[in-house]
Amino acid sequence: MFPIKIPRITFWRSVLLIVLASGLYSTYLRFTAGLGASTALSDGFPWGLWIGFDVLCGVALAAGGFTISAVVYVFNIERFKPIIRPTILTAFSGYLLVIVALLFDLGRPYRIWHPLVMWNPRSVMFEVAWCVTLYTIVLALEFSPILFQRLRLEKPLRIIQSITIPLVMLGVILSTLHQSSLGSLYLIVPHKLHPLWYSPLLPLFFFVSAIGLGCAMTIIESFLSYRAFRKRLEIDLLSDLGKVIVVTLSVYLILRMQDAMGRGALKHAFEATYEGRMFLAEVLLGIIAPVVLLIIPRIRRSHFSLFVASLLVVLGFVMNRLNVSITGMEAALGGYFPSWTEVSVTSMIVALGFVLFSTAVKYLPVFPPEETEGENETADAQWLAPNVLRQPLFSSTTLALVLGGLFLGGSLLLGGNGLWYRKQMKSVVASKPALPPTGVADRYFKMPLDITLPTAVASPGVVTFRHSSHLDAKQANCTQCHVQRFRILKANVPTATTAGSRDLHSDQLCGACHDGKKSFSVKEDCQVCHSM
Amino acid sequence: MPVVKKGLLFDVTRCVGCGACYQACKERNHLPVTDSNFLKDHLSAQTYTVVQDRNQRFVRRLCMHCDVPTCASVCPVAALEKTPAGPVVYHEDRCIGCRYCMVACPFSIPRYEWTKVLPRVRKCDLCAERLANGQTTACAEVCPTGATLFGERDHLVQVARERIAASPKEYVPHIYGLEEVGGTSVLLLSDVPFDRLGLPGGLMKEPLPLLTWHVLQEIPSFVVAGSVLLGGIWWITARRDEVRQAQKKLDDQ
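Those protein sequences? They're chains A and B, same order as listed. Its first residue numbered 1, the first sequence is counted upward by one per residue in my numbering. Its first residue numbered 1, the second sequence is counted upward by one per residue in my numbering.
The set of hints was computed from the structure by calculation and includes no laboratory data. This structure is a prediction, so every number in the text was calculated from the model and none was measured. Treat each hint with caution, since some may be false.
Which chain B residues face chain A? A few, computed with CB under 10 angstroms, are given here [unchecked claim]:
hint : residue
1    : Leu118
2    : Gln135
3    : Met204
4    : Leu211
5    : His214
6    : Ile233
List of simulated lysine-lysine pairs, DSSO-like, C-alpha gap at most 27 angstroms [as the list claims (entries may be wrong)]:
hint : chain 1 : residue 1 : chain 2 : residue 2
7    : A       : Lys231    : A       : Lys81
8    : B       : Lys249    : A       : Lys81
9    : A       : Lys474    : B       : Lys40
10   : A       : Lys192    : B       : Lys82
11   : B       : Lys169    : A       : Lys474
12   : A       : Lys192    : B       : Lys205
13   : B       : Lys40     : A       : Lys192
14   : A       : Lys518    : B       : Lys40
15   : B       : Lys248    : A       : Lys81
16   : A       : Lys446    : B       : Lys40
17   : A       : Lys446    : B       : Lys169
What the simulated footprint calls covered on chain B by chain A, stretch by stretch (three residues with Cβ under 8 angstroms from a Cβ of chain A suffice, anywhere in the stretch; the number is not a length) [to be verified]:
hint : stretch
18   : 13-21
19   : 25-39
20   : 96-109
21   : 138-144
22   : 195-203
23   : 221-229
24   : 236-247
Quick reminder that beta carbons are idealized off the backbone N, C-alpha and C, glycines included.
One chain only, chain A, in its complex shape (with noise of 0.2 angstroms):
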């Protein structure tokens, strides 16, 4: 007999079943009742949290997966070998969320082929579609070799493992494109997309920045796993993760500003906007505190510092994204803040990511055999948290990560002035002086033709309409009349009225307004219309 286990509720447990089930809600929602009843996106902003973080970042954690293929395959640096399956799995999952999010996302769901049939090859968006299509099917042979091994199939193993190079260097390339494209997406916008984050060099800047995410996730993933499943990279190679981090955002870091400063941009930085308290804000905290926490030898050699030293890559990468997508073009176009439904999609997606992450790491021969625990290991210790992962609901660690999350995530990553910008919006249309008059109805107003109703067959006489008798050329309202009671194009007149009687007596149509109140009545003297 073999004990039924029941899995002990803990904190992180409980968090996914609440995001599971709020995403499942919204999931039902969106599918059923639209996206203006489950979103807060508008006419005026199309685009919000699921293109800005489901698919701009998790496109991006893919990143990783082709700079360590591409260091060890085609730069034969072997040392990192024991990287590359994490990253592959982080990029290989990150695509299968991106794709579930798009599903959310479209509004035809159901033809997201349709690019790969109906060509446009002058859309970016074509270009992001069919990386996304090719890049997934090379990840998931990239990704193959793991579960061939596990299940011990040795012929197909051996079929991958012999065209390896040729598929990281097909993947290197779709990935540059693809990092750098989601970046041109943004480049036919220069009227729209804030000054502080517009730039000719988008596409550069989006494939730079990926690189930095892909290696500070590869860290983040590895401190993660060995709290849950003991299972965790050396310290060496995550320490080389780190220096590579501090080369790529250092580049990265001088692009931008040479850029914005070049643009004559980088005074915005400085005003007091909102905009330039989120850049400042990105910057400094995603960028330069990150480098210079990287550059100290000493945090690089220990695994939580540098994971916090990654998460603040992280959250950076993040605010830039959310930036060009959200922030970047509140300005423009109106106020933009993420309904509950949309956080609690995206909630959901990324818990599946970890979910997906995890059991993978658990199952299979993701990370390498744990190898002797250096002397690192005591020193990190001084380091280690309370483990979050093994904490009872309710305890005060677990309380104030929320918090802070809440606090942060609310805070710096939806930025939601949205409510603010409309106000202003509004005052500045408001406060303009008005014109002079122009004299334009004694110079142009031609009066439309009279018209001559057909007549039934009692009637006592021919009817003309004279709109000459019914309007004011200097005040004239068609839209009393048209459409609603009248036709108003040619075609259509004089016979078609919009109800359906041609009784024009009727209260829908002359009587509307010759009722004895507004006008003479059509019940009164006859021939005022009929003509005897």
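Model the placement of chain B on the given structure of chain A, informed by the hints.
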């Protein structure tokens, strides 16, 4: 026979704000009533043109029908298309609903059916069907002052130039849409600066699709150059490895 490009000329100085164009558009497109006061209405999935009251000046908003439309360029499935006769038309059976057209349009025109489960993009199509039958647009047909004028685009440009030349004091010396983002099929004349009418100002003269095309056209050469470069590096590093191993073997002997 080549099709001549048609267009509209809207002259702010001639508009009395009567709403005939607004209603004609509703009638021809079978759109429901959206606001009891048409001057307060806004573009939506049920309203393809509006007349806005900008302090005693009435200005129409509608799709500008760009010569090189940004929306058509960004659409991944070519659901939007510039026809030779002028209209930018929408093929709803292709659309996947990514809404990039709405994000990219420099005039922020396309609207979406947010309330529907299977939504479409909605906007003015310059009465493409009527044009094909040799008719004018519905809005131009009913305009009582000639503020909305339909014609061949070249001719309309001529008319606009003549109006400015004939009464330079009455007009801002600028034809909006002549050069904006590469030119549009809808042109505007005004006696007050166009930004006071709520039209986007400071637009560049080049078509916006060039901005992305400059990058996209490099993709084929990037793929070739990238493959050669990566292949080359791999060849060198792999060869170096081979040599090292051979050397080691030799040393061992």
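- Any hints this thing doesn't respect? Which numbers, in order? none
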